[in-house]
Amino acid sequence: MSGVSIENLNLFYGDFHCLKDNTLSIDEKQITALIGPSGCGKSTLLRCLNRMNDLIEGVNINGKVMINGKDIYSRDINLIQLRKKVGMVFQRPNPFPLSVYENVAYGPRVHGLFKTPRGAMESVVAKSLSAVGLWEELKDRLDVLATNLTLEQQQRLCIARLLAVEPTILLMDEPCSALDPYATLKIEELFLRLKENYTIVIVTHNMQQAARVSDYTAFMYLGELIEFGDTNTLFINPKNKLTEEYITGRFG
Amino acid sequence: MAIFDEELKTLRERVLRLGYMVESAVRDSVKAVVEGNDDLAREVIERDNQINTLEVKIDEECIRLIALRQPMARDLRFITTAMKITVDLERMGDLAVNIAERAIELSKEPLLKPYVNIPKMAEITQKMVRDTIEAFLKGCTKLPYEVINRDDEVDELTVKNFNELLAIMIQNPKIVPLAVKRTYVAKYLERIADHATNIAEMVIYMCKGKIIRHMTIKDEV
Chain A
1 MSGVSIENLN LFYGDFHCLK DNTLSIDEKQ ITALIGPSGC GKSTLLRCLN
51 RMNDLIEGVN INGKVMINGK DIYSRDINLI QLRKKVGMVF QRPNPFPLSV
101 YENVAYGPRV HGLFKTPRGA MESVVAKSLS AVGLWEELKD RLDVLATNLT
151 LEQQQRLCIA RLLAVEPTIL LMDEPCSALD PYATLKIEEL FLRLKENYTI
201 VIVTHNMQQA ARVSDYTAFM YLGELIEFGD TNTLFINPKN KLTEEYITGR
251 FG
Chain B
1 MAIFDEELKT LRERVLRLGY MVESAVRDSV KAVVEGNDDL AREVIERDNQ
51 INTLEVKIDE ECIRLIALRQ PMARDLRFIT TAMKITVDLE RMGDLAVNIA
101 ERAIELSKEP LLKPYVNIPK MAEITQKMVR DTIEAFLKGC TKLPYEVINR
151 DDEVDELTVK NFNELLAIMI QNPKIVPLAV KRTYVAKYLE RIADHATNIA
201 EMVIYMCKGK IIRHMTIKDE V
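From first to last, the protein sequence lines stand for chains A and B. The first sequence begins at 1 in the numbering used here and counts up by one. The second sequence begins at 1 in the numbering used here and counts up by one.
Honestly, the hints are just simulated from the structure, not real lab data. Mixed in with the good hints, there may be bad ones.
[Claimed, not checked] Quick partial rundown of chain A residues pointing at chain B, CB under 10 Å, derived from the structure:
id	residue
1	A126
2	A211
3	I236
4	R250
[To be verified] Over the 10 Å line for every Cβ pair with chain B, so calculated as not near, a few chain A residues:
id	residue
5	F12
6	I61
7	R109
8	E122
9	K186
10	M207
11	T243
12	E244
[Unchecked claim] Straight-line C-alpha distance at most 25 Å; calculated PhoX-like pairs for lysine-lysine:
id	chain 1	residue 1	chain 2	residue 2
13	B	K9	A	K239
14	A	K127	A	K195
15	B	K174	B	K127
16	B	K208	A	K241
17	A	K239	B	K108
18	A	K239	B	K84
19	B	K160	B	K187
20	B	K138	A	K239
21	B	K142	A	K241
22	A	K241	B	K160
23	A	K127	A	K186
24	B	K210	A	K239
25	A	K241	B	K187
26	B	K174	B	K160
27	B	K108	B	K174
28	B	K138	A	K241
29	A	K239	B	K208
30	B	K108	B	K120
Everything numeric in this text was worked out from a predicted model, so none of it was measured. For every residue, glycine included, the Cβ atom is placed at its ideal position computed from N, Cα and C.
Chain A with its partners taken away, still in its complex shape:
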């Protein structure tokens, strides 16, 4: 099981109460979109799912985030294993200034795959690049510098880099905001394919994107989870007035 269950999650940045008692359940092998105005806490909530917020000073968290039936905020959790299982992609593609091959091989190598037999790494790289639709394009150019690829290719590569360490959950923080509409559509198609094997949580400002790719959508406002439901219902007939105002562009 690789769904996520968030229970009464509160997060404080110092005195600022950023996430207020968020409770939601993210289904396995589905795409869940988090939407809401800037500063509503959606990226913070996303970053709670692999404890990225731990790195920020003054952050205080209570509540539970259950993954595989285990609270990832319990003391005995192995953070390296957690972040291997719950990978993250950011707004701007951030490949290492290394070759395409080395970008994908980096994770498995850090996690000890170099000890396995010769050829294993090649097959991981091929498999990961294939899964993001880059293999055919790049198989003869694996030694080019990743930063020389197009932005769309770079973002795909960043996703391939995650897949190489065999995660079950993929967190996407505005993954298409640096991409043009065509590249965005291609990445969205990739999400729909990846959903067969991975649980995906995506933060987006683009409501059409949430509507196009997600199965479930959560609308957040001022740290509160205002409405959560299947994407169809949320965009056609939302229950909450705030949700309706936000998605129809009449907010505030």
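Using the hints, position chain B against chain A.
Below, chain B alone, put in the same frame as chain A:
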């Protein structure tokens, strides 16, 4: 007001205008039958062109708004409802034309018997048409449910009218062509009431986001 809200307001006004045009077409067509006024009937037929033109205009506007504004939630439901109810309104306009055509034919014939059922049906049907337009304008009220309930009265009167005329036709086969025309008028009114019911159902969808077509009203309540 935001530009999009202005556009929605314009769309709403156009649908209402179409509704009023259809309502007066129905009213005048029945009046033409009852009063034997073939001038009025011809006027109804001529005016149908305006109804058709406005229907196309509304349709184009809805498609434009969907393409350019990518409406969501209540805006989406409003626009799709506008798009669908104009089809029904336009069909009601056509049926008013059919009534007007029968009015012209009937005006050339002697009066078979005083009109009783048809004015009654017309009264209920016209109120249904008026109320559906008002329901669309006002949104979430009881009005669309009342419209749906009243459809049964029109159906009953259609049957009653038919049976009465049938009895006369059996007694006097010579008046069959005339009586059949009168049953047609009743049937057109009954169809108009059905379209009003469709609109009422779509208005309920617009308000509640719930499709109640092909359900009984009891299921819905």
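The hints, checked one at a time:
1. A126: The hint is violated - A126 of chain A has no Cβ within 10 Å of chain B, the shortest such distance being about 39 Å.
2. A211: 8 Å, holds
3. I236: 6 Å, holds
4. R250: 7 Å, holds
5. F12: Given a closest Cβ separation of 33 Å, the condition holds.
6. I61: Given a closest Cβ separation of 33 Å, the condition holds.
7. R109: Per Cβ check, R109 of chain A is outside 10 Å of chain B; nearest 45 Å; holds.
8. E122: 45 Å, holds
9. K186: Correct as stated: the minimum Cβ-Cβ distance to chain B is 20 Å, above 10 Å.
10. M207: The claim is violated: M207 of chain A sits with its nearest Cβ about 7 Å from chain B, within 10 Å.
11. T243: 8 Å, violated
12. E244: 5 Å, violated
13. B:K9 to A:K239: Satisfied, since the Cα-Cα distance of roughly 24 Å is no more than 25 Å.
14. A:K127 to A:K195: 16 Å, holds
15. B:K174 to B:K127: 35 Å, violated
16. B:K208 to A:K241: Status holds; Cα separation ~13 Å.
17. A:K239 to B:K108: 59 Å, violated
18. A:K239 to B:K84: 24 Å, holds
19. B:K160 to B:K187: Within the cut-off at roughly 12 Å; holds.
20. B:K138 to A:K239: Judged against 25 Å, a Cα distance of about 20 Å means the pair holds.
21. B:K142 to A:K241: Answer holds: K142 of chain B to K241 of chain A is near 21 Å, not above 25 Å.
22. A:K241 to B:K160: Violated - the C-alpha atoms of K160 of chain B and K241 of chain A are around 48 Å apart, more than 25 Å.
23. A:K127 to A:K186: 19 Å, holds
24. B:K210 to A:K239: At roughly 12 Å apart (the allowed maximum being 25 Å), K239 of chain A and K210 of chain B satisfy the hint.
25. A:K241 to B:K187: The hint is violated at about 44 Å.
26. B:K174 to B:K160: 21 Å, holds
27. B:K108 to B:K174: 16 Å, holds
28. B:K138 to A:K241: Given that 25 Å is the threshold and the Cα spacing comes to 18 Å, the pair holds.
29. A:K239 to B:K208: 10 Å, holds
30. B:K108 to B:K120: 23 Å, holds
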